[in-house]
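Chains as they are written, first to last, in numbering that gives the first Met the number 0: chain A, 0 to 346; chain B, 0 to 346; chain C, 0 to 346; chain D, 0 to 346.
Keep in mind that the hints were calculated from the coordinates and are not lab data.
Mixed in with the good hints, there may be bad ones.
To be verified - Listed below are the simulated DSBU-like cross-link pairs for lysine-lysine, each with C-alpha atoms no more than 30 Å apart in a straight line: (1) Lys118(B) x Lys299(A); (2) Lys159(D) x Lys17(A); (3) Lys159(D) x Lys118(D); (4) Lys17(D) x Lys105(C); (5) Lys299(D) x Lys118(C); (6) Lys148(C) x Lys130(A); (7) Lys299(D) x Lys302(A); (8) Lys105(C) x Lys302(B); (9) Lys218(C) x Lys218(A); (10) Lys218(A) x Lys105(C); (11) Lys299(B) x Lys270(B).
4 protein chains.
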Amino acid sequence: MLSFMNDYSEGACVEILKLLEDTNTMQHAGYGMDSICEEAKAYIKKELENELAEIHFLTGGTQTNKTVIAAALRPYEAVIAVDTGHIHVHETGAIENSGHKVITVKGVAGKMLPEAIDKVVEEHTDEHMVKPAMVYISNSTELGTIYTKQELEAISRKCKEHGLILFLDGARLGSALMACDNDIKMRDLAQLCDIFYIGGTKNGALLGEAVIILQDRLKENFRYYIKQNGGMLAKGWILGIQFLGLFQEGAFYRLAEHANRCADILRKGLKELGIPMLVETTTNQIFPIFSNELLEDLEKEVKMSIWERVDRESTAVRMVTSWNTKEEDVEKLLFLLEDLRLQKEKS
Amino acid sequence: MLSFMNDYSEGACVEILKLLEDTNTMQHAGYGMDSICEEAKAYIKKELENELAEIHFLTGGTQTNKTVIAAALRPYEAVIAVDTGHIHVHETGAIENSGHKVITVKGVAGKMLPEAIDKVVEEHTDEHMVKPAMVYISNSTELGTIYTKQELEAISRKCKEHGLILFLDGARLGSALMACDNDIKMRDLAQLCDIFYIGGTKNGALLGEAVIILQDRLKENFRYYIKQNGGMLAKGWILGIQFLGLFQEGAFYRLAEHANRCADILRKGLKELGIPMLVETTTNQIFPIFSNELLEDLEKEVKMSIWERVDRESTAVRMVTSWNTKEEDVEKLLFLLEDLRLQKEKS
Amino acid sequence: MLSFMNDYSEGACVEILKLLEDTNTMQHAGYGMDSICEEAKAYIKKELENELAEIHFLTGGTQTNKTVIAAALRPYEAVIAVDTGHIHVHETGAIENSGHKVITVKGVAGKMLPEAIDKVVEEHTDEHMVKPAMVYISNSTELGTIYTKQELEAISRKCKEHGLILFLDGARLGSALMACDNDIKMRDLAQLCDIFYIGGTKNGALLGEAVIILQDRLKENFRYYIKQNGGMLAKGWILGIQFLGLFQEGAFYRLAEHANRCADILRKGLKELGIPMLVETTTNQIFPIFSNELLEDLEKEVKMSIWERVDRESTAVRMVTSWNTKEEDVEKLLFLLEDLRLQKEKS
Amino acid sequence: MLSFMNDYSEGACVEILKLLEDTNTMQHAGYGMDSICEEAKAYIKKELENELAEIHFLTGGTQTNKTVIAAALRPYEAVIAVDTGHIHVHETGAIENSGHKVITVKGVAGKMLPEAIDKVVEEHTDEHMVKPAMVYISNSTELGTIYTKQELEAISRKCKEHGLILFLDGARLGSALMACDNDIKMRDLAQLCDIFYIGGTKNGALLGEAVIILQDRLKENFRYYIKQNGGMLAKGWILGIQFLGLFQEGAFYRLAEHANRCADILRKGLKELGIPMLVETTTNQIFPIFSNELLEDLEKEVKMSIWERVDRESTAVRMVTSWNTKEEDVEKLLFLLEDLRLQKEKS
């Protein structure tokens with residue numbers, strides 16, 4: 000059976016597996032205070048072109064979002080997110096569980112508009128309401144779209160203007176940065192965001208997200224938050240290995256590029272078959288709309304996520320390519336789709 | 000200066016003041032375990048026609064909402080409210096601060112539609128999302144509207160169907176129950192809700208809300224929650240006095256009726272002056288839309304709340320009558336409005 | 000039946016009752032933004048000899064402790080208290096519920112020793128442990144003892160040395176300040192503490208505690224915390240009335256002096272009867288140790304709290320005098336005790 | 000340099016590394032719903048001799064303790080632990096951060112006495128205090144000691160008697176079960192505890208703890224808690240691999256036995272050298288007391304943890320052996336100690 004279910008169905012890239020083996024019997028300092036983590040951080044800092052950035056490795060996305068937001072906000076402060084934002088819909092209320100309101104605004108193709116930030120700030124005027132203190136965006140977004148540099152700059156300016164922290168969720172940052180129409184560089188993020196993270200889990204690591212802290216105030220005592228939120232691994236170098244593997248020789252970019260290339264082939268094929276999209280993307284997430292009839296047949300041979308009912312007769316699904324997707328599997332999927340369509344035409 | 004700012008600008012009705020004086024030097028048990036609280040509860044139970052209801056007196060609305068929701072929900076459970084709901088917009092994230100997500104749905108004139116509940120339940124399918132466990136509604140609503148018995152029954156059925164707790168915020172319950180078009184009785188609430196509260200603060204008490212618990216599971220250890228959330232007064236009988244004063248001889252209804260009568264006169268007058276309403280209400284909250292020009296003049300002589308900009312030229316305001324509003328002040332306001340209009344026509 | 004149960008069994012002093020009546024039909028701004036609160040604050044500031052102090056009125060002790068600590072600490076920070084401290088034993092985990100650990104040290108007669116602070120700071124060395132950030136003390140303490148100025152200065156110095164916030168719980172501050180052996184003035188507290196509160200509930204008010212914030216950082220957005228924690232009354236001037244009544248003409252000191260005088264008579268009488276004390280106090284809380292036999296008889300005619308079993312044959316109780324205790328009741332109690340002893344000797 | 004620092008300084012046992020490689024390119028279901036996790040659970044259930052146990056894999060100890068306690072307790076409920084308990088001292092207030100008080104009792108050699116439970120229950124009588132609802136113990140304890148079956152049965156009975164949940168932290172369970180004087184079997188834990196966990200991190204896994212839920216009420220919606228607390232890995236099978244590796248062919252026991260054997264040799268050697276112990280242990284943690292002079296020399300060649308100052312002249316340290324400790328390193332340490340002593344005698 001073919002799977003375009005997600006980008007976290009398989010293990011790790013060769014670089015990471017090799018490091019795991021090579022370092023297995025060495026002795027390391029605990030809790031992320033080891034030399035492998037240091038080395039990995041040095042490689043990332045080079046990418047950031049920022050020596051003052053503080054870097055921490057955490058286990059997963061929800062863990063990271065929860066820890067960052069708990070560290071950044073006072074109890075009465077809230078975070079602004081689009082209605083499709085991961086922290087709003089897919090983290091079992093982890094942010095609220097740490098005491099903070101998520102204020103939602105309507106996203107446009109999954110993206111935050113600067114005007115939406117103004118409106119939220121204007122509406123929250125006094126102590127009977129929460130105080131917006133952070134803007135949360137994802138790149139690529141939960142709908143597979145990406146921000147342009149100009150868009151990100153506009154949001155960054157807006158945040159500075161209102162004294163808001165800009166936090167970028169980079170669970171799928173690799174795919175965003177390697178998209179054909181992307182004009183953002185890693186170093187731009189270090190200049191435009193106050194804090195962001197580079198996702199390992201969805202780009203070829205076994206687990207792990209690298210939090211990059213730029214704003215000085217947020218650096219303070221961050222390890223306390225990691226520990227308190229249960230994100231500090233005793234064998235912290237395991238996380239260091241993931242990012243050393245990804246950044247020592249550029250695997251991070253190579254893997255994302257591969258995922259995007261597979262997505263591009265799939266996208267092109269779907270277009271040629273005349274299949275409409277729920278949203279136009281250039282990253283490794285694709286949202287084709289299938290007739291329910293076609294979908295029923297397709298599901299027998301392909302794993303993917305049902306995204307939302309579009310109307311009575313059709314449904315949008317999410318297909319995801321990964322660092323490990325086989326191009327031939329993309330071809331198989333396209334053949335299958337063509338085949339199913341031909342059968343339909345005949346009947 | 001005239002004030003239609005709110006219904007909590009003045010002290011307490013005579014019954015309450017008298018009880019305060021009469022009992023001032025008596026000795027009472029602490030923390031709400033006194034005989035005055037018992038007596039007040041007995042009067043309320045009579046209204047509820049329910050001897051098994053458990054009643055607690057808390058200090059204010061946010062305190063009550065926070066305590067009830069903390070007591071009712073498990074950490075991963077969420078409460079559904081309309082987008083104008085008090086817990087969503089005007090409690091400084093108190094619900095989120097106690098760890099729970101408020102899931103919002105679009106309200107219709109401030110009211111929850113049963114279909115909206117279905118939709119939320121359908122969308123929250125697994126452990127990556129919070130689990131809806133409670134429906135929060137207000138009666139009268141934050142927009143001054145009221146639920147009909149049929150509407151409340153439909154919501155109640157929907158909650159039972161989905162296993163959701165129905166919690167009714169009655170901060171302005173008096174005004175709702177005394178509205179000309181109301182067909183709900185106190186005893187209906189005891190049958191249709193799992194938990195609700197009767198507001199004292201906005202209906203002639205110095206402070207205090209009476210929480211009525213119907214569902215057995217919610218009765219368990221509720222006093223622990225009151226204490227932990229800082230709502231247990233050492234001199235608890237002060238709260239008992241408020242509700243004894245309100246329910247011993249029906250002041251609760253008399254005061255609400257008075258507020259509504261004043262609102263009716265005001266509403267009628269505004270209509271005769273051709274002033275449109277943001278939303279049609281029959282309770283003590285009125286939302287007229289004034290031209291900005293008129294509003295500017297009006298604000299020099301009348302206190303009220305600016306509610307929202309309707310368009311470039313006009314603004315909706317909130318005017319509230321209370322248990323202590325003087326009918327002559329309503330007349331003065333109407334004269335003033337007429338006068339301002341005449342001046343405008345002349346110029 | 001005589002009652003020496005506590006100091007919150009009766010209503011309010013005449014000044015407060017009179018203000019309640021006189022202002023009952025006036026219109027006040029909501030949520031503590033009224034002129035009565037302002038006036039009350041001005042009187043308190045005069046006592047503090049500090050114009051820059053920020054003052055807020057909250058409803059009760061647990062509410063106040065919870066709100067202050069939530070406002071002062073970051074999630075990983077903890078508060079140090081003695082093992083008899085109110086926040087540790089008698090607030091249903093309200094502090095922990097807001098996310099903070101209470102680190103306990105052994106108290107000496109209910110008081111914190113400066114050395115204990117050193118020890119806690121030394122032991123908490125890294126991010127695997129909470130970080131001590133506040134010292135919580137009560138004056139008078141939960142055991143009725145008081146701090147000398149020298150003791151308070153030593154603790155204050157220790158806090159400054161370690162960068163800890165000093166928070167003094169003054170639920171029974173009146174009695175402490177009026178104790179015969181007290182050498183602390185209200186203005187000293189404003190110089191030695193970062194934040195403290197003046198208790199109204201236990202010194203003749205219906206309810207209410209006045210939080211005094213000295214440290215600038217703690218002043219920031221404090222009203223958000225009050226609201227979020229459910230402590231902001233809609234009719235906030237009711238709290239203002241309590242403190243205007245207490246401080247306009249010195250009722251605060253007069254009432255506490257009365258309670259102490261009654262306690263002094265009782266203490267003297269108990270000593271003459273040869274009854275030992277669990278702890279020596281000079282405030283309105285007394286902890287006599289009775290034989291169980293005597294206690295059994297006593298309990299038939301006197302209400303008081305059982306404090307702790309001392310040994311097989313004797314038990315310590317807590318007797319509390321209040322602003323409203325009748326001296327004749329103290330005499331009656333002493334007669335009764337003498338009488339019971341005589342009967343015993345006969346039999 | 001020799002290291003007896005801890006048992007989490009090196010990677011994973013061969014079984015785990017092999018499984019990682021063998022399954023690396025296979026496609027797995029996400030979030031722990033995969034077949035490897037199922038297989039691992041089946042092996043563990045066999046050990047437990049309990050088919051109804053529910054098993055979940057989490058990333059680390061603090062994560063696990065926090066999640067279990069959040070899932071088990073209502074907001075006003077507290078957990079009882081000994082004063083050396085990990086949740087009390089070494090988790091940065093993670094339990095309090097999730098809203099719960101940790102009630103501490105004096106431990107005896109790191110162990111909880113049944114009488115201590117009685118005392119806590121007796122003292123917590125009403126809603127002004129938290130309600131004890133869980134007993135937390137560790138086996139082996141934080142001081143390296145173990146519970147006998149009789150001791151564990153006594154605690155288990157006490158918990159049932161008082162309606163308390165018994166939660167056993169098994170971060171070092173392997174070493175406890177393989178201690179020479181242990182008489183507890185894995186299946187006993189399934190009968191005596193309501194919930195416990197089997198530690199992987201400190202017994203040869205890269206990361207991971209296996210939570211075993213026996214009490215039905217605790218099974219309900221546990222995955223919501225894992226997700227909300229940030230403990231649900233997208234690549235959940237990575238955790239499954241750890242436990243499959245440990246339990247498929249008994250590596251769990253073999254590794255622990257090795258660690259204990261090394262500790263036994265070390266213990267025996269230390270005794271022969273006449274070095275006293277802070278506490279007598281039979282597991283992989285040893286707490287020798289060295290003169291400060293000797294310690295200073297020792298620290299130049301051996302890594303270990305300073306535990307506590309014993310008196311002016313001597314200090315207790317913690318030495319830990321692991322699944323990967325080399326016996327020759329133990330011998331080297333003993334030679335070194337002997338050598339240092341000889342030098343001392345000469346001088």
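Do the hints match the structure? See the list:
In summary, the hint linking Lys118(B) to Lys299(A) is supported, as the alpha carbons are separated by about 28 Å, within the 30 Å threshold. Using a Cα cut-off of 30 Å, the hinted pair Lys159(D) and Lys17(A) is violated, with the two alpha carbons roughly 50 Å apart. Distance hint between Lys159(D) and Lys118(D) is fulfilled; the C-alpha atoms sit about 15 Å from each other, no more than 30 Å. As the CA atoms of Lys17(D) and Lys105(C) are separated by approximately 53 Å, the hinted pair breaks the 30 Å bound.
For a cut-off of 30 Å, the pair hint linking Lys299(D) to Lys118(C) stands: about 28 Å separates their Cα positions. Simply put, Lys148(C) and Lys130(A) have alpha-carbon atoms about 40 Å apart, too far for the 30 Å limit, and the pair is violated. This hinted pair does not check out: Lys299(D) and Lys302(A) have alpha carbons roughly 58 Å apart, beyond 30 Å. A threshold of 30 Å between alpha carbons decides the hint, and for Lys105(C) with Lys302(B) the separation of about 56 Å lies outside it, so the pair is violated.
Only pairs whose Cα atoms come within 30 Å are accepted, and Lys218(C) paired with Lys218(A) is accepted, the gap being roughly 24 Å. Between the alpha carbons of Lys218(A) and Lys105(C) the distance comes to roughly 35 Å, so the proposed pair goes past 30 Å and is violated. At roughly 22 Å between alpha-carbon atoms, Lys299(B) and Lys270(B) fall within 30 Å of each other, so this suggested pair holds.
The earlier numbered hints that this structure contradicts are 2, 4, 6, 7, 8 and 10.
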